[in-house]
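Colleague: Please work from the sequences and hints to get the whole structure.
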Amino acid sequence: MSSVRHTNTESRLVRGLLIALALGFLFLFLGLPLLAVFSEAFKQGFGPYWQALGEPDTLSAVGLTILIALLVLPLNVLFGLAAAWAIAKFDFRGKSLLTTLIDLPFAVSPVVAGLLFILIFGRQGWLGPWLSAHDIKIIFALPGMVIATMFITVPYIARELIPLMQAQGKDEEEAAVSLGASGWQMFWRVSLPNIKWGLLYGVILANARAMGEFGAVSVVSGHIRGETNTLPLHVEILYNEYNSVGAFAAASVLALLALVTLVAKTFVEWRMQKETDMLNAELPPEKAPATAASLQSAPQGGGGELGAARRFPERTQS
Amino acid sequence: MSIEVKNITKRFGSFTALDNISLEIPTGELVALLGPSGCGKTTLLRIIAGMESADAGAVFFHGEEATHVHTRERQVGFVFQHYALFRHMSVFENVAFGLRVKPRAERPSEAEIRERVMKLLNLVQLDWLAERYPSQLSGGQRQRIALARALAVEPKVLLLDEPFGALDTQVRKELRRWLRRLHDEMHIASVFVTHDQEEALEVADRVVVMNKGRIEQIGTPDEVYSAPASPFVYRFLGNVNVFRNRVHGQWAEVDRAPEGARDEALAFVRPHDIEILREAVAGGLAARIQHVQAIGPLVRVEVDHRGEVFEVELTRERHEQLALQGGETVWIRPRSLRVFQGEQLLPAQHFDLGAGI
Amino acid sequence: MRHSSSRRVLPGFGLSLGYALVYLSLLVLIPLGGLVARSTQLSPDQFWDIATSSRALAAYKVSFGCALLAAVVNAVFGLIVAWVLVRYEFFGKKLVDAFVDLPFALPTAVAGITLTTLYANTGWVGRFLEPLGIKVAFTPLGIVVALIFIGIPFVVRTVQPVIEDIEAEVEEAAATLGATRWQTFTRVLFPALFPALLTGFTLAFARAVGEYGSVIFIAGNMPMVSEITPLLIISKLEQYDLPGAIVLAVVMLVISFVLLLTINLLQWWTANRHSGRHVDAGAQA
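Note that the protein sequences, when read in sequence, are chains W, H and R. Going by the working numbering, the first residue of the first sequence is number 1, and it counts up by one from there. Going by the working numbering, the first residue of the second sequence is number 1, and it counts up by one from there. Going by the working numbering, the first residue of the third sequence is number 1, and it counts up by one from there.
Derived by calculation from the structure, the hints in this document are not laboratory data. Any given hint could turn out to be false.
Heads up, incomplete: computed chain H residues facing chain W, CB under 8 Å, no partners named [said to hold, decoys possible]:
no. : residue
1   : His88
2   : Phe92
3   : Ser135
4   : Arg149
Bear in mind that the values here come from a model prediction, so they are computed numbers and not experimental data. No residue lacks a Cβ here, since even glycine has one placed at the ideal position from N, Cα and C.
Modeller: Dropping the structure here:
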């Protein structure tokens, strides 16, 4: 393919110019900020950095961030699996409406998302009087932050799994049933192994968002240091206190998480691509093109919202 | 085990996929469901397997109603069109799957599973591929593994959806013969779906010809080929020449439609059932030779009668006797034909064409 | 279309659909409905007054103006980045490709404080802009910078697969018919990319309108000048002006839904333009 393109491409000058433009743009807007995080964090050397990270409030913010992710992700995985199973393997009325509804949280501003739960659980909310009568704290406490994070991350896993499972069809599951497998046996032995990389991909993206969410969590968090401060919120507090090293030290942890996320994401994409290639390698010509086209779009999808963006052809099919 | 299908109807929205279908398949028989795509044959197969539910009608296995029995308990072996091999399992694990998912009480021991799987892999002559993954197999190998996997649970009925559809011609031919032998050893009722008439005629004991959700004809391969029950079957199974009474009225046989009938009567004649004669005979039509082409053991002759082209197949021997030249005028006469008015087969009249010979 | 049959072979339909619907209803639909229901407790006049107060109007102007500008910049550079990533070979291309997703992985607060530091008049970038009289941090221009950062991957990842799918034959055909490279691009390639570009643009715009975390640090947050709508919602909340917050939230929600609808229509358009044949074939099958 590339040999074909050589004969029909832009001049060397134009190519160089475009590459320079693209790389310059990406460096200015992505590379420089990433460098700046670490540069600012280590501005006063290693010692103050470690000291800033060792602050009890920072450590408790890290702990809370991990706790929220651990509470949110399992529920999201279950939802993603359930929604994708229903949508990809069955036909029912209102299927495309459901698919659109799953995307709704992408369209809602995080601040509005936070407000939604204030209106339900807050002091002036629907359940507010009842909750305060029973001394249950949701807003400005952990439950509220978990719920807001759940709202924000609803679409991530489902959006990864739906196109993947649709592309795989239901032949293998039907084969398993016709061989006598029970529902669980079919799911654990056939369905889950087939989607494990797609699921992991969704979990990676959902986790990045859950740990990094700021707006929605900020609205429902009481901003109590050491208690209801997640790491991103803690970054804000430190920054506003002009504690630059502390803020950037905490930020560097999140930036590291982002880099780990990108590496993990790229690795999973590579694994999924490899599996797709392997599947297509020797398929009879009648079947190869369809599977190739439909499976490839899934692994290449980028981030969460972006996943939805990149995969638009599938969306309209249902 | 025998299969019986009674008055099955299935609709998808406003589309009627199966329209009041009834069918009986005795044990030991290999039956082909033959028809063009969209005729409902795969839907029927999936209803027999319990993977699709009918809107009306019933399915019986060995006389017992199975309409509401779940696929899991039907004990059918189903071979999918695209094999549906479990892509993340080795060939061995694919074949072992049905044994491993049995309830603990019925599950064979690991050693027994191993023995049975290897026996099946031997049967399909692919024991040397046990550790490979489906993606490393050729189409024909995948097909045989899919079959071995279906047979592992000792099904009472074997159902195959377009089993040779995705394979190239050579592999197809081998697998057909092999399936036939395998079926004969198993003593079960087998049903396979195909759109390839040659495949149906070559492999099956009986052929069920379907069109637009209905059964057009059920019969042995010879019956459906030589005595088609409808114009559709004539056209679908092999080449056929159609003679219309208005044009070809001299063939008294054709012109039997009652006065004022809506459909004109048509006579269907297979190319090899037309004789070419050098002299005029009673019931013969004058025709001009257009084109002569030898195809393997046969010689195909295209003749033109009043602007319409008909196809005649001669043996090489007969062709040598006649020594036909393009452009010359000959006489053509059917050896056997069937006349339909609309879908209705008109009773055969004794048709005295032999007088001239 | 196959409609629900009385019995299904594969198990778990009721369970999975039921769980998905309950989860989605409790978490998303009921809360959203609740917001709208709360807003109807206000009279239309009250609603209108709050929604069109001068501070709110100024906030919309900042939010939408900056989001629009950022989305335009992203559309132009996103197209170039996507093109370069698909068509050209250069050292470290795979790394760059993976790196494009950084804004999705990097928490917005981190982006916010970092961009502020970079563009402050002592920062790595700000100190070069200062002598030119360009102030970025704590001005609306800073908001645009933050929104550009947030929106980069949307355009790139939407356009990239479409460029990948363009068959080389199309360009070769144009070349054999005598088109210059530029003509081929403007007349053959760009029209093919346009729906995807527009989708990416709208996605970036929609995300930018609602963005909060990365913006508040760099914006300066001066009412009437550099205050974005989400921040105004928060300040109303902090002043216990719940009706004010609700009204602004409903306005944002309506706009978000219009954008979501637009995105869906655009995607439908893109899919149909490119797979008209498939749709026909599908209808017959």
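Colleague: Please list, smallest to largest, the hint numbers that this structure does not respect.
Modeller: 2
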